[in-house]
Amino acid sequence: MENRLRETDRYWNVLSLAPLCLLLFFLTIIPLLSLIYTSFFKVTWDGGYLYEGIGFQNFFDLVENKFYIPGVKNTILFALITVIIQVVIAYAIAIVLNKIKYRIIYLSIFMLPILLPPIVIGSIWRLMYGFDFGLFNYLLSYLGVMPIDWLGDPKMAFISIVILDIWHWTPFSVILLITAIEGIPKDILEAGLVDGTNFLKEAYYLITPLIMPTIIVASLFRFIMSFKVFDEIYLLTQGGPGTATEVVSFSIYETYFESDNIGLGSAMSVTTLILIILIMYAVQKIYIKLRLNTHD
Amino acid sequence: MTRFLSHSLLVILSFIFLLPFGWIASLAFKRQIDILMTNIISPISYGNFIKLFASKESTFSNDILNSLFVGLSSTLIVLILCSLASFTLTRLKIEKWVGMIIFGWVLVFHMIPPITFIGSWFVLANSLGLFNSYSALIIAHATINLPLGLFIITNYMKEIPHEIQEAAVIDGASSYQTYFKIFLPLLIPGLFTAGIIIFLFSWNDFMVSINLSAKATQTVPVSVATYAQQYEVRYGEMAAGSLVSLVPGLLLTIFANRYIVRGITAGSVK
Numbered sequence: 060m061e062n063r064l065r066e067t068d069r070y071w072n073v074l075s076l077a078p079l080c081l082l083l084f085f086l087t088i089i090p091l092l093s094l095i096y097t098s099f100f101k102v103t104w105d106g107g108y109l110y111e112g113i114g115f116q117n118f119f120d121l122v123e124n125k126f127y128i129p130g131v132k133n134t135i136l137f138a139l140i141t142v143i144i145q146v147v148i149a150y151a152i153a154i155v156l157n158k159i160k161y162r163i164i165y166l167s168i169f170m171l172p173i174l175l176p177p178i179v180i181g182s183i184w185r186l187m188y189g190f191d192f193g194l195f196n197y198l199l200s201y202l203g204v205m206p207i208d209w210l211g212d213p214k215m216a217f218i219s220i221v222i223l224d225i226w227h228w229t230p231f232s233v234i235l236l237i238t239a240i241e242g243i244p245k246d247i248l249e250a251g252l253v254d255g256t257n258f259l260k261e262a263y264y265l266i267t268p269l270i271m272p273t274i275i276v277a278s279l280f281r282f283i284m285s286f287k288v289f290d291e292i293y294l295l296t297q298g299g300p301g302t303a304t305e306v307v308s309f310s311i312y313e314t315y316f317e318s319d320n321i322g323l324g325s326a327m328s329v330t331t332l333i334l335i336i337l338i339m340y341a342v343q344k345i346y347i348k349l350r351l352n353t354h355d
Numbered sequence: 017m018t019r020f021l022s023h024s025l026l027v028i029l030s031f032i033f034l035l036p037f038g039w040i041a042s043l044a045f046k047r048q049i050d051i052l053m054t055n056i057i058s059p060i061s062y063g064n065f066i067k068l069f070a071s072k073e074s075t076f077s078n079d080i081l082n083s084l085f086v087g088l089s090s091t092l093i094v095l096i097l098c099s100l101a102s103f104t105l106t107r108l109k110i111e112k113w114v115g116m117i118i119f120g121w122v123l124v125f126h127m128i129p130p131i132t133f134i135g136s137w138f139v140l141a142n143s144l145g146l147f148n149s150y151s152a153l154i155i156a157h158a159t160i161n162l163p164l165g166l167f168i169i170t171n172y173m174k175e176i177p178h179e180i181q182e183a184a185v186i187d188g189a190s191s192y193q194t195y196f197k198i199f200l201p202l203l204i205p206g207l208f209t210a211g212i213i214i215f216l217f218s219w220n221d222f223m224v225s226i227n228l229s230a231k232a233t234q235t236v237p238v239s240v241a242t243y244a245q246q247y248e249v250r251y252g253e254m255a256a257g258s259l260v261s262l263v264p265g266l267l268l269t270i271f272a273n274r275y276i277v278r279g280i281t282a283g284s285v286k
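Quick note, the sequences are listed as chains A and B, same order.
Per the numbering used here, the very first residue in the first sequence carries number 60; after that it's consecutive.
Per the numbering used here, the very first residue in the second sequence carries number 17; after that it's consecutive.
Treat the hints with care, since some could be wrong.
Claimed, not checked - Covered by chain B, according to a simulated footprint, are these stretches of chain A (three or more residues, beta-carbon under 8 Å):
1. 90–101
2. 127–133
3. 145–158
4. 240–247
5. 263–269
6. 287–295
As the list claims (entries may be wrong) - With a straight-line cut-off of 27 Å between C-alpha atoms, the simulated DSSO-like cross-links for lysine-lysine are:
7. A:Lys245 / B:Lys231
8. B:Lys112 / A:Lys344
9. A:Lys348 / B:Lys112
10. A:Lys287 / B:Lys231
Stated by the list, open to error - From the derived model, a few chain B residues whose C-beta atoms are all more than 10 Å from chain A:
11. Ser71
12. Ser77
13. Leu81
14. Ser89
15. Glu175
16. Tyr192
Don't read these hints as lab results, they were simulated from the structure.
Small disclaimer: the values here were computed from a predicted structure and weren't measured.
Cβ atoms here follow ideal geometry from the backbone N, Cα and C, with glycine treated the same way.
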């Protein structure tokens, strides 16, 4: 009896993990290997895929490519700027929200940008940024300001994308931070009240150090996630004007699907993967270091 | 006083977050000519919705069905795979490295921009003759959302008390029985949370759908994007389509906001 049970349990372990592992194997591991393989070939479509080995040529082309390197630079700059602004704003909102009893009502409204289709958000903002009949220029005309070319001017286009991203993703950090603040034991804050803290003192001396780990996690997590930005760029600027708003995901998309250059697209994907894994590694090191410091 | 200031600040913020949606809603009920003339006050017109749902060349009703079908199927797949795996990995005696490899790789996959994989999914689907098929789309959506599902469900799984599991083992329950009779019922809130989030993300997805579907299987976001991409942008229909696509997100935010907050937190901080 005892033995038979153990036997069925071993089957269970294998059978319960198999579906997940098979999906991961066929849709992530195999594609990863095929990406690496394809990045050394020139691929053409002629009723079937034809592969022609060209060594490292795709990787040389990638360096020469007009879009990829500027895309990487833009993505990193974009991620840094948006994350810093988002976390600062989110922190302020969370501190204020903490004092409100029925904050779930506000929180529900703030959550909307995360939960609604990004492509729809892109299309809405595209209309709002419109030069001739967009909402922003319409409102500005009442203030007597000349219409701004939100998406047509290279510098402005980048700023416009940053503004949109801040609007889109600040709520995400708000949710993480407010949950962390809610998790602070009540007696700590009550002890503070007895000692006569006011709103700002409480925020500075009590809440901030206690939620520091969450602030760090939220920042690092959003930084890495910023590399995924695609939908808004696709609808608003297509990476333009020039390469002003070119981002990694969009360069890969264009090369792979628009120019049908599968070999080069694969090389870009592989390079991006390596880059992200390196960044994740660095981020983990930074995280450990920062956490040690906050405990001192 | 502080209370008054806080509320006014939060009301202003709410307005900033709602403004774009309010604006698109107002455009949806305008005629193209009123939109182009930036007429704030104009007669209410249902023309955009009629064109969207009733005109012969519009596939919008079909797109909604596609989105629902793909969303529900992929969510179901994720819930089944992740609850099974999460149970075995977190609650049963199993070699440590198995869990480390699976969780580690899922985390890495979660962080990587999906576009890096979609290219090879496209080649794979094409080689198997599955381009523009529901199965390719459903499996791709399930894979993209799998990490979130695994993290959220594991987060709930860890909260189920050990005493309950021990009691089951003492009574001679096998792993199979423990999973189906004890853990699954207790895990319902977790499955619900993960289900809501994954369904919404699948409904919202654009990047996978645009590259793996064509006219017959295209989802709502793809359809909304085509209105914006045409030679002459059809603002009215684009606004009306956008408004319709917001419905699931709005409904779930109103009726399940606490679950969503929990899901977002559980899916990102580990």
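Going down the list of hints, with the structure as the test:
1. 90–101: Holds, because 5 residues of the segment 90–101 of chain A bring their Cβ atoms closer than 8 Å to Cβ atoms of chain B.
2. 127–133: violated (count 0)
3. 145–158: Satisfied; 4 residues make the cut.
4. 240–247: Violated: only 0 residues of the segment 240–247 of chain A have a Cβ under 8 Å from chain B.
5. 263–269: violated (count 0)
6. 287–295: With 5 residues close enough to chain B, the hint holds.
7. A:Lys245 / B:Lys231: violated, 55 Å
8. B:Lys112 / A:Lys344: The given pair, whose Cα atoms are some 23 Å apart, holds under the 27 Å limit.
9. A:Lys348 / B:Lys112: holds, 26 Å
10. A:Lys287 / B:Lys231: holds, 26 Å
11. Ser71: holds, 20 Å
12. Ser77: holds, 18 Å
13. Leu81: It holds; Leu81 of chain B is separated from chain A by about 17 Å at its closest Cβ, greater than 10 Å.
14. Ser89: holds, 14 Å
15. Glu175: Glu175 of chain B clear of chain A: closest Cβ-Cβ about 14 Å, beyond 10 Å.
16. Tyr192: violated, 6 Å
The structure fails hints 2, 4, 5, 7 and 16 (numbered hints given earlier, in ascending order).
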